[in-house]
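2 protein chains.
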Amino acid sequence: MSPDLPARPGQTEAEVLTPSLILDLGALERNVTRMGRLASEAGIGHRSHGKMHRSVDVQLLQQRLGGACGVCCQKVSEAEAFVAGGIADLLVTNQVRQPAMVDRLARLAGAARVAVCVDDPASVAELSEAATRHGSEIGVFVEMDVGQGRCGVATDAEVVDLARAAAQAPGLRFDGLQAYHGGMQHLPSAEARRETARGVADRVRRAKAALAEAGLPCPTVTGGGTGSWHEDAASGAFDEVQAGSYAFMDADYGRVPGARSARLDAEWENALFVLASVLSVKPGRAILDAGLKSMSGESGPPTVFGRKFEVVNLSDEHTVLADPANALKVGDRLRLIPGHCDPTCNLHDAYVCLRDGRVEALWPVSARGRSW
Amino acid sequence: MSPDLPARPGQTEAEVLTPSLILDLGALERNVTRMGRLASEAGIGHRSHGKMHRSVDVQLLQQRLGGACGVCCQKVSEAEAFVAGGIADLLVTNQVRQPAMVDRLARLAGAARVAVCVDDPASVAELSEAATRHGSEIGVFVEMDVGQGRCGVATDAEVVDLARAAAQAPGLRFDGLQAYHGGMQHLPSAEARRETARGVADRVRRAKAALAEAGLPCPTVTGGGTGSWHEDAASGAFDEVQAGSYAFMDADYGRVPGARSARLDAEWENALFVLASVLSVKPGRAILDAGLKSMSGESGPPTVFGRKFEVVNLSDEHTVLADPANALKVGDRLRLIPGHCDPTCNLHDAYVCLRDGRVEALWPVSARGRSW
Numbered sequence: 000m001s002p003d004l005p006a007r008p009g010q011t012e013a014e015v016l017t018p019s020l021i022l023d024l025g026a027l028e029r030n031v032t033r034m035g036r037l038a039s040e041a042g043i044g045h046r047s048h049g050k051m052h053r054s055v056d057v058q059l060l061q062q063r064l065g066g067a068c069g070v071c072c073q074k075v076s077e078a079e080a081f082v083a084g085g086i087a088d089l090l091v092t093n094q095v096r097q098p099a100m101v102d103r104l105a106r107l108a109g110a111a112r113v114a115v116c117v118d119d120p121a122s123v124a125e126l127s128e129a130a131t132r133h134g135s136e137i138g139v140f141v142e143m144d145v146g147q148g149r150c151g152v153a154t155d156a157e158v159v160d161l162a163r164a165a166a167q168a169p170g171l172r173f174d175g176l177q178a179y180h181g182g183m184q185h186l187p188s189a190e191a192r193r194e195t196a197r198g199v200a201d202r203v204r205r206a207k208a209a210l211a212e213a214g215l216p217c218p219t220v221t222g223g224g225t226g227s228w229h230e231d232a233a234s235g236a237f238d239e240v241q242a243g244s245y246a247f248m249d250a251d252y253g254r255v256p257g258a259r260s261a262r263l264d265a266e267w268e269n270a271l272f273v274l275a276s277v278l279s280v281k282p283g284r285a286i287l288d289a290g291l292k293s294m295s296g297e298s299g300p301p302t303v304f305g306r307k308f309e310v311v312n313l314s315d316e317h318t319v320l321a322d323p324a325n326a327l328k329v330g331d332r333l334r335l336i337p338g339h340c341d342p343t344c345n346l347h348d349a350y351v352c353l354r355d356g357r358v359e360a361l362w363p364v365s366a367r368g369r370s371w
Numbered sequence: 000m001s002p003d004l005p006a007r008p009g010q011t012e013a014e015v016l017t018p019s020l021i022l023d024l025g026a027l028e029r030n031v032t033r034m035g036r037l038a039s040e041a042g043i044g045h046r047s048h049g050k051m052h053r054s055v056d057v058q059l060l061q062q063r064l065g066g067a068c069g070v071c072c073q074k075v076s077e078a079e080a081f082v083a084g085g086i087a088d089l090l091v092t093n094q095v096r097q098p099a100m101v102d103r104l105a106r107l108a109g110a111a112r113v114a115v116c117v118d119d120p121a122s123v124a125e126l127s128e129a130a131t132r133h134g135s136e137i138g139v140f141v142e143m144d145v146g147q148g149r150c151g152v153a154t155d156a157e158v159v160d161l162a163r164a165a166a167q168a169p170g171l172r173f174d175g176l177q178a179y180h181g182g183m184q185h186l187p188s189a190e191a192r193r194e195t196a197r198g199v200a201d202r203v204r205r206a207k208a209a210l211a212e213a214g215l216p217c218p219t220v221t222g223g224g225t226g227s228w229h230e231d232a233a234s235g236a237f238d239e240v241q242a243g244s245y246a247f248m249d250a251d252y253g254r255v256p257g258a259r260s261a262r263l264d265a266e267w268e269n270a271l272f273v274l275a276s277v278l279s280v281k282p283g284r285a286i287l288d289a290g291l292k293s294m295s296g297e298s299g300p301p302t303v304f305g306r307k308f309e310v311v312n313l314s315d316e317h318t319v320l321a322d323p324a325n326a327l328k329v330g331d332r333l334r335l336i337p338g339h340c341d342p343t344c345n346l347h348d349a350y351v352c353l354r355d356g357r358v359e360a361l362w363p364v365s366a367r368g369r370s371w
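So the sequences go chain by chain: Z and D. Counted from 1, the first sequence has number 101 at position 102 by numbering that gives the first Met the number 0; the numbering is strictly sequential. Counted from 1, the second sequence has number 121 at position 122 by numbering that gives the first Met the number 0; the numbering is strictly sequential.
Since the hints were derived computationally from the structure, they do not count as laboratory data. Among the clues, some could well be false.
As the list makes no split between identical chains, a pair holds if one copy fits it or if it spans any two.
To be verified - Subject to a maximum C-alpha distance of 20 Å in a straight line, what follows is the list of computed SDA-like cross-link-like pairs (lysine to any residue):
1) 281 <-> 160
2) 328 <-> 303
3) 207 <-> 157
4) 281 <-> 325
5) 328 <-> 157
6) 281 <-> 211
7) 281 <-> 25
Assemble the whole structure, with the sequences as input and the hints as a guide.
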């Protein structure tokens, strides 16, 4: 962590420097506990997505209070940070193709249970060679493109070929299928999401049938996110879901229709905020001291938690609020709900963890900046 | 810096881990030298904006090769990082209102020449109290709102009142006027920019006249940016310009019409890139390993340097390129020009500095994450 941090344990919220990234521990714990209960009721496993928070402490909480079976993340360097923090079961939900990172993945698989996704026969060969060299075993999930249009294979024949190659390759273990449809997470109606989830589940079932016909057992189907996990679980095609954002919520997910409510932020509490101070007050507007260096803006501006102010501009170091009545004064503090939690967390060295108005702890963003 | 970095000095570019932030040192040095020459020819001072790069090394280069008189930045914690790196003349082009940060600013002013902006009489009193307590002297620029609609005062009467208060307050030094119009930087034609610059210059001249009438000397008028510095310099109303992005360029500034060319990226070389690798190839598309954790997306997606590929999607860890002919192969490396340089630099721990295809140095992003 940086030597210069915005808070110390024991301080009140009013003493925390702004802008800073704050976690409401009570809300976080309730979200995590609720996900554990819902996944258990739905009879599905939950592998929490650590790409969202990049924090060993949040992950440990998800395992302790939410029954998460392990972590998933997107990069080997992230996985290394989780293993260094004591996480024992990891899935890199992404391709790993740089030779140096394939090597580091194989080394990591000697220290924890590690799996990775593949969508190319050459990748299977590279992973096998590295695992053999390190004397480790790497789990392999075949990534299916179920509508995302990014990585992943498109046909059942490719699924079978890759699964067979992984099952036969020295140093590898065929773990199952990865099926994630990012676009589905933010569909504007629960019905549209159910419809898309049905299509995803059909694709997965056909692939599983093709594997069975080829005599290849498929231990685990994993996928889904905060916007779709309910529908994915209900489809019966998945063994574990990979929700991440439910733990923190953000403005973008907040607007998504929930499975049991009009909006997802009625089902999950906002636990993550950027704490900002009013820096300047001018007729009809207030200028806050937090901008794009403290919260990512590509999914839209933040919203103001618990107060009715419209954000009219977001720039590198400022957020401008419309304040027609000039209700705000210099020094007033507001909690902003960032537009998109994942890239926002990655901007900060630490979560300032609050309970009952006091800083209980500073949790490092353990894998901040680790993207290779 | 993080213990996990993407490169070591002496490596070739092909050995640098991706995604990573790379600086073409030759291009950077040519940009910096050119700005020094142009500012000198225009008879105007240049205070390079360190909010863009947050790097002591880049700033030292701007002072050594480009004749920059010092740095400007937006936050006290940034200024502290610059002072720790040996920068002796600093202007915080922003309000500072948190009591703890006013105190740190006053302490810093005991170690370097430090100035700050004000737009509120209460701020003058706070700064004076802190400077007196620390036995230091803080320079004060009155920030004018010249069309940005953010911080800054709107009337000449306010300018005079604040300047007089600063000139009379113990521990403070009235340094002049800050006049920055962010929106002008990206206006779609040079003519529109000249027109706006004329309006800004008129506002500044009226304020200076009001100060003169009140018997208050105005040592320095500072402002302007990469998109407007030429017009601001030509207006004769400014003493120093605060350009930052010219040193690196980005995709967003690249599209702006230049003073001497159709586009600004014809006047300034692209020196900053996010180096990315092809992670997966599918029919008609290639997926790169760099996303929103490595480059900010709120100003639009990156462009591909020197190659004609269209970016069709940018997500947390991926960039999807249209590649109708499937020309790209897994492992191919591309230089991406980020949409917006300032928040992109702030995502990384280090600049990987390249010359003639080799890593010459790793420069820390000295003030990364320092936003209070």
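Hint check:
1. 281 <-> 160: between (65 Å within a copy, 16 Å between copies)
2. 328 <-> 303: within (15 Å within a copy, 45 Å between copies)
3. 207 <-> 157: Only inside one copy: residue 207 and residue 157 sit 12 Å apart there, 73 Å across copies, limit 20 Å.
4. 281 <-> 325: within (8 Å within a copy, 54 Å between copies)
5. 328 <-> 157: Answer is between; shortest inter-copy Cα gap is 19 Å, intra-copy 61 Å.
6. 281 <-> 211: neither (68 Å within a copy, 26 Å between copies)
7. 281 <-> 25: Neither: 36 Å inside a copy, 44 Å across copies.
The structure fails to meet hints 6, 7 from the earlier list, while all remaining hints are met.
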